[in-house]
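Read top to bottom, the protein sequences are chains L and H.
Mapping of the first sequence onto the working numbering: position 376 corresponds to residue 388, and the numbering continues sequentially without gaps.
Mapping of the second sequence onto the working numbering: position 41 corresponds to residue 116, and the numbering continues sequentially without gaps.
In short, the hints are calculated from the structure, not lab data.
Only a predicted model underlies this, so the values are computations on that prediction, with no experimental measurement involved.
Hints may be right or wrong, so weigh each one.
[What the hints assert, rightly or not] Ranges between beta-carbon positions, derived for each pair: (1) A396(L) <-> A85(H): 40 to 48 Å; (2) A85(H) <-> A34(L): 21 to 29 Å; (3) K148(H) <-> A396(L): 24 to 32 Å; (4) A396(L) <-> R159(H): 50 to 58 Å; (5) R159(H) <-> L303(L): 53 to 61 Å.
Each residue gets a CB set at the ideal place from its N, CA and C atoms; glycine is no exception.
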Amino acid sequence: MTELFRRVRYLLNRRRYDRELADDMEFHREMAGRDGRNFGSTLRLREEARDAWGWTWLDRFGQDLRYATRVLLKSPGFTLTAVLTLAAGIGVNVAAFGFFDLFALRPLPVREPETILRFQRRSPQNYSTHVSYPALEFYREHSRSLSAVFGLAQTRLALEGRDKLLRADFVTANYLAELGAPITLGNGFDPGSDAAASTQSVVVLSHSLWESQFASDPSIVGKTVRLNERSATVIGVAARTFGGLTSGSTDVWLPILSQPYYFRGSELLTTISEDSVMMWGRLRPGGTPELAEAEMKSLTAELRKKHPSAFWEREYLASEPGGYVMAAQGRQAKGNGSGEHHKQEIYTISALAGCLVMLILAVACGNLGNLLLARGVAREREIAIRVSVGAGRGRLLRQLFTESLLLAMLGSVAGLALGALTLRLLIRNTNAPAWLDPSPDWRMVAFALFIGFAAAMLFGFTPALQIARQRHRATALRQILIGGQVAGSCVLLIVAGLLVRALDRMLYSNPGFEYKQVVAIDPRLVAHGYAPENARSYLRALQDRLRAAPGVASVALATHPPLGRKATVFSSDTDGRLTNIHTNHVDSEFFETMRIPILRGRPFEAGDTQTAVVSESMARRLWPNGDELGKQLPMGATKYTVVGVAGNARAMALEDPDAVECYFLAGAADLPGASVLVRSSVAPESITAMIRTVSKATDPKVTPEIELLRTAFGRRLEGVQRSALAVTLLGGIALLLACLGIVGLVAYAVSQRTKEIGIRMALGAVPTQVLSLVLRQFSRPVVIGLLIGIAGAAALSQLLRRQLYGVSHLDPIAYSAAVAVFAIAAVLASLVPARRALRVNPLDALRHD
Amino acid sequence: MPKIDMPSGALTLLILRVLRSGPLHGYAIAQRIHVLSSDVLRVEEGALYPALQKILLKGWANAEWGISETNRKVRFYRLTPAGRKQLDSELSDYHRVHEAIQSVLRSA
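Make a model of the complete structure from these sequences and hints.
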């Protein structure tokens, strides 16, 4: 301890201690000189003595750093190229990491996010992301390990004078206060008022809604707005930085107890069998998630005793950190199994994205490594001189590596700026919520520096070793570096090719159903508290009115309208292969309205009981012999008879080739959750106004969501469009870097062999022979790199299989197109400098040195 | 008689030992070792000063200003209590090893 202290003192007072040491040694010399003794270099002896302080490395590092700065300043062209190359490689990584940081690492801007837990229902057989409101109330009353339990129901509300529905969060009264929500104007909800709030019809506006819809009216507090045809008083406006715990942009917050006021007849607050509320809890100081989970488990067991049918066997609440964007991500889902496959999907895609951006960095590093090697040749004289005046190999290596490190740090800074800018542009240009702040935090800075250091190890170390050993003809290393670059950029190009193919397939191939003329109407009868009988009469009335309207070709019902947000997946294990069965409850006109062909058997008929129509892919998977008609299909407790086989309609999961569909005839219990599908015989945009009027005439209390399937399709397309664009951009950068690398290498090879070329030409070599002489040494690494790249892409794209809209991840067109693009670029890149070889004048060449 | 250079571990021990009788400056340390070993051991500058720096850093000795016999201002090294303890432990280690070696040499 004290030794460390002394060491630091030596560092801080280095000058004084050095002077004292010099003085000591000088005196020693004086005395020894009297005895007639000779001695060596004072400077070296002193340096050796100073070694004991343990700071020599720092001195040397300072020296090296100063020298490196001078060297880099002297060749600005090289420095700029190197820093830009690195900035591209590092910037892409920083942007990708920034995304990850924003979504998974950075806590949400709420009070003490680290003590918030999100709870979801689990049992060995089932899962549900939401809980019922009565259950939440029970947990809130009885929990001891949580200081607060809060929750919300997400829904959409119609605001008078606005076509688009609002995103509304019906929250428990303590929600805003518990999250420390900053309020710009007025007040939030009184946290103690859950009992009284039912009579209050109050609303808190989001900052962006206040700006866009109310022109930032400073006297908005106290004014009345009309929501779902009911009046509500604005009591506050949240600050721009507040978004709550849900992803996306919430427009309004309302007390959950006032939900039935806006959705007349809603049973959200009383029914324990409907999961409609997201639930969070805040840990007491010193509490742990394990403790909270254990307590919740025993509370759930108590609930099950009271309501045996509403809770599962061995049910518990699984907790996860709630204060992050990740925890709020994902749609409402309920089903059998563990419910982990959604998460798995996110992880796979993130892993793939990570690999792709790392490839860019690897290509940049390979490029820079070659650049440094070439520079080593130019610095041959300098290195030779330094060796001859006594620089050891280790010292030289350290000096060269310090140069790389300095370059890397410059690259890191430039990359951080580039990455942060990219991230900001991306966030601004997508409909990300306003509170998502893309400016870099310490994690991003640390990441940029770390990546820079790793890059310096990658591109700087081996060349430094080669140069310090004065082995300049390091052809093998060059070839490995160029091969690596080729492989890396090849993988990126192939993945880009696959995504472009997927986009193309999605745009121009038949998804198995006809969506362009169809409008989906979701009356959200569950939210309005419709019982099955009322729902039946409402839907019948609505359908009848629509059928009679002009421009309507046919009308159908479905619990899961194609391309919608809802999905019910039944995972079935057939012969060890997992099949995701997307179930849908439809009426007899569904297949006609969606133009899904019935290939065998028949569609549903009114009066069918316990029948099913399966998609062709499902039939093939379950009954490979083609004798599916009349077979029994067990689904949970009931068995259904297969009456027909429909064409494959990738209506639920466009992108997933493993998804299969299974249809059942919608019964009374399904009706409150059903949507109406209308096929238009005219342009579908022109009938939406008519649909709105008809729905209002049917029941003015119901405010349906109306969407053209074409719009929904566009929304689905956006994701793949964006990723195709991003990966193509990455592939382009990688290709450019690799081509630059090839140009440099070939040019170098030509300049090295000018004399040999001259002699060969003088002896009568023809141009093709000269070219092959120059290019032969590169053909092998390029071909090997290509092969490795193809293999790597085949392995990596495995992860992408479920996102490719049915395009095989080994799609030959994507592979050959990418390889062709690369081959053409590589040939051009090598021919440009190689032409110089043809212009060599034998006479000049022979006179050369 | 050939001059013998010091093994580095032994040098620290010898420096601490000669400092036990009182503070000395660097040159005097070298001289004292040389004389006491009957001119057999010779401490070179290149070994002495790194060893002294190490001793200072470990806190086994302090340096203080004094006047040399040639009337020059120089630094004298003085043993600290920690240095005394270190010397004792190194001495006992040395004796143990020495005796062990001796007994091997005698009996083998």
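Checked hints:
Distance hint check: the CB atoms of A396(L) and A85(H) are about 42 Å apart, consistent with the given range 40 to 48 Å. Evaluation of the 21 to 29 Å hint for A85(H) and A34(L) yields a pass: the beta carbon distance comes to about 27 Å. Range check, K148(H) to A396(L): about 47 Å between beta-carbon atoms, so the 24 to 32 Å window is missed. In this structure, A396(L) and R159(H) meet the distance hint of 50 to 58 Å, their C-beta atoms being roughly 54 Å apart.
Under the hint 53 to 61 Å, the C-beta atoms of R159(H) and L303(L), about 56 Å apart, fit the expected range.
Of the hints listed earlier, the one the structure fails to meet is number 3.
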